[in-house]
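Undergrad: Keeping their order, the protein sequence lines are chains D, W and P. Using the numbering used here, read the first sequence as starting at 469 and increasing by one per residue. Using the numbering used here, read the second sequence as starting at 67 and increasing by one per residue. Using the numbering used here, read the third sequence as starting at 31 and increasing by one per residue.
Worth flagging that the hints you see were computed from the coordinates, not collected in a lab. One or more of the hints may lead you astray.
Claimed, not checked - Derived coverage of chain D by chain P (criterion: at least 3 residues anywhere in the stretch with Cβ under 8 angstroms from a Cβ of chain P; other residues may be distant):
hint, region
1, 562-575
2, 579-592
3, 598-606
Backbone N, C-alpha and C fix where the C-beta goes; we use that ideal spot for every residue, glycine too.
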Amino acid sequence: MEQPGILLTAVNTTTPGMIGEYPLVELRGISKAFGHVQALQRVDFCVFPGEVVGLVGDNGAGKSTLIKIISGAYQPDSGTILMDGKPVTFHSPRDAMMMGIATVYQNLALVDQRDVAANIFLGREPTKGIVIDRRRMVEESVQVLQQLRSDIPSVEVPVGLLSGGQRQAVAIARAVHQAAARLVIMDEPVAALGIEESRKVLRLIKQLKAQGRAVIVISHNLEHVFSVADRIVVLRRGRLAGVRRREETNAAEIVRLIVGAEHL
Amino acid sequence: MNRRDLLKLMAAGAGAAAFAPMFAGMSTPAFAQRKKRKVIFVTHDLNPFFVPAIVGLKDFGALAGWDTEFIGPPVHDTQKTVELQYNAIAAKPDAVGFTAVDSEAFIDPIKAAQEAGIFVVLYNTRAPGVKEATGCAYVGQDFIVAGNVAGYEICKYITKKTGRKEGKIIMPIIAPGHFALETRNLGGTQGVERYNKEFGTNFTTEPLAVTTNEAEAVAKFEAKWAAEGDQIVGWLASDFTHGFVGHMAVDKGLTDKFAVGGYDLVDFVLEGIKNGSVDFTIGQNPYAQGFLTSALIYQGLEVGYPASDIDTGAELVDATNIDKVMAREQLWKEKAKEFGLG
Amino acid sequence: MEQDLRQNSQPEAPGCGTNNVDAILDELESAGAPELLTRAGPRGLRGSLQALLRMREFSVLSATILLFIALSLATPLFPQLDNILLVARQISILAIIATGVTFLFISGEIDLSIGSIYGFLGIVLASLIAKFGFNPWLALLIVVIMGAAIGFVNGTVTTRFGIPSFIVTLGMLSILRGGALLASGGWPVMIKLARDDPFLNITSGHVSGLVPTQVFWMIGVMALGGFVLSKTRFGSHVYATGGNQEAAILAGINTKWIKTINFMITGALCGIAAALLLGQHRNAFPLTGTGYELDIIAAVVIGGTPLFGGAGSILGTFLGAAVLGMITNGLVLLGASAYFEPVAKGSIIVAAILVDTLIRKRRV
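Bound-form chain D, shown alone:
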């Protein structure tokens, strides 16, 4: 399932270059401050098509700020964002969405009372004349969930009746569908889930990767990060603490990067 090309060419540096291929998204020297708090300081980051990047770090390390800059919710104070090697500017999440960047929020942003199809199309319902094209919503929802190999029994069930993992699948399906997403950003996708449900979500991430999409996963659970990420990016106190390829590191080293060498 994995795409050998990427694994072979991605190199273990802070700015992994690829021969003949640009990163999907690249951040160069990004800084962002909130008042006196320097949330990010000259951070470099990149993600390639078909690559899963695990973004880890302690609370307040700058993970959320970083993904909000990628998803267009925040604008950086300085630094550049490039997509496919070309500089871009996101004024809003909508800009980023137009460019194929979709974000799955930690609280999933689902309307529990509405069914799966309605949630996947939330805010973007297709119409025929003035009437919602319900058939198209159902068909496309089924299609996108099947692509994700989701185990949701029906797209006409209110999402409030689904399990945590199934809800995550709906949120991901929406992200994938609405942005025709090339990059899916997931904030703590398994934080509230049990073992079985977590596995389903990890499988979804694998599935996204298999479709050639890039994924950035924020997680506190290193086991999960190791199970899906190709590379692991560690932030500490707003700075880049290190980038490691999964095969070349271990949990102990990542923990050292997260907490800082002086603590060990």
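Could you slot chains W and P onto chain D? The hints should help.
TA: What follows is chains W and P alone, placed relative to chain D:
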């Protein structure tokens, strides 16, 4: 209207009340032989005031062997009253007693009842124009007459209590736009003007919208008194809220600062007269509005006479007759509990 | 936190879980895709039954049918055509306003000023016709626009200044009741139209001498409301706004505007309702609609629309209004004590919500 007319009216009311024991003592063969009738009364505001009317209907209904029903919205509401009237018609009764607090809205249901062959008599309130449009007879107070009595009376008390020759009479009203209350205020103003002419005084009237919620009403009275206390010489409620004025007067030690009058024999109003915080109240004999309305229905249904108007009077209750009246009204308190209206 | 991270990761050392999970994932994939997604839940008789139970309207539908049967058995006066049409007319005005309130409830807002808007617009409408000589239809149009404008104020103050609609509309309730009293001087305002004026016939006449026109107004308004709510993007956004406002905003839905429009719809419908009542009574009363908001809200709640938004339907509201209308009518026909009506209504409201909650629990 003079004192003699008033006594005549009172006699009519008292006469009605006197019927009940008379009938109760009879063996009533005539009544018992008649067909079992269904009679429904609808009122526009089902509050404790109507307890004597309910009892009047039940008393007569028991004598005549009727099935009776007395309904109305829990608060004054024309729309709901009209719909309850239509529901009453749908129950296919032999006769109905309606109140008509508006000139237009009640004409359709009254006509619908008449077209369905139901005998209709109005009680308590008949707005202008309803008689002309429907030909219905009315059993109840003449509000202009009652207002005149009250307006004249309040001026007498103002003169007696304060000795002042001019000043403002505040007229609290719980339901602005309610035909009966507005008409009493109109009559009240006429009574005041009549007194002004006769005695060379210069009293004026001013309405004040309040609610049946005592705390709210008293707050408004207090505000009014605080603002214009030097000009206010009397309070003439168009309803029973003069009882609330009495409470305020007792609380603030103002009982000799102004005269207090109004309508109806609600228990706290009677207690106000008893303790001197209320000067007078005007009764309208609601028992007769139930009993005599039923009597008109009976003679219409069983004998065939058309109904004619009956004025149930403007009984003046003050310190001179309060004990007797309180003894009489005690009965309704018990009945109110029985009907769940207490 | 640091402690946690170490505990989580230390025992499994390099490479740790990775191969494990990979193996599991591979195994899952080689076992084939998970059971294929079907378009909907189980079909057939059992499926239909489940779908019926899942319907929000299920409890109120059963209540309506049971009440109808019970009243019909209790008195032969009830199921007669004349009486059914009477009840249908009696719920029409309430149901029309309740349609707007259903929109509002679904989007998570409430309007307590409906009774006052209704009463105030009645006075304005009658004054325009009687005192200023307006054509009744033009006056109706003006009043509907005024209703929408009042709704706009309710909605704007609620959404732009973040004041709960409960408070805003409580204020509006008082302001407009005072407005109705001031505009009318406390007296009814009579319109002097000929008895056969088309305005009277169309607002409160009968079609072929039998079916009240108010019933057609109700059907028209509710059918349109139901269509907008269930079939259009706007309707879908109304549900999303009340279901999870944050999610709706993230999905690009302008929830403030959605709510404001719902207030405006409600206000405009109060204008139509006021015209239907004026046509019937030919007289507008400054106190009309006092306390009406509670009956209207009761119909919406009995109909299965929760106070906190996200769900509900116009069909449910219609059934809720029908239940209330049947109770009022049935109790008079049965000769029950007048004071029993509020007790019966209150019990039905609580029972409806209880049944609804129990069904929902079992389902989840």
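Undergrad: Each hint needs a verdict: does it hold in this structure or not?
TA: Here's how the hints hold up against the structure:
1. 562-575: holds (count 3)
2. 579-592: Holds: 8 residues of the region 579-592 of chain D have a Cβ under 8 angstroms from chain P.
3. 598-606: holds (count 4)
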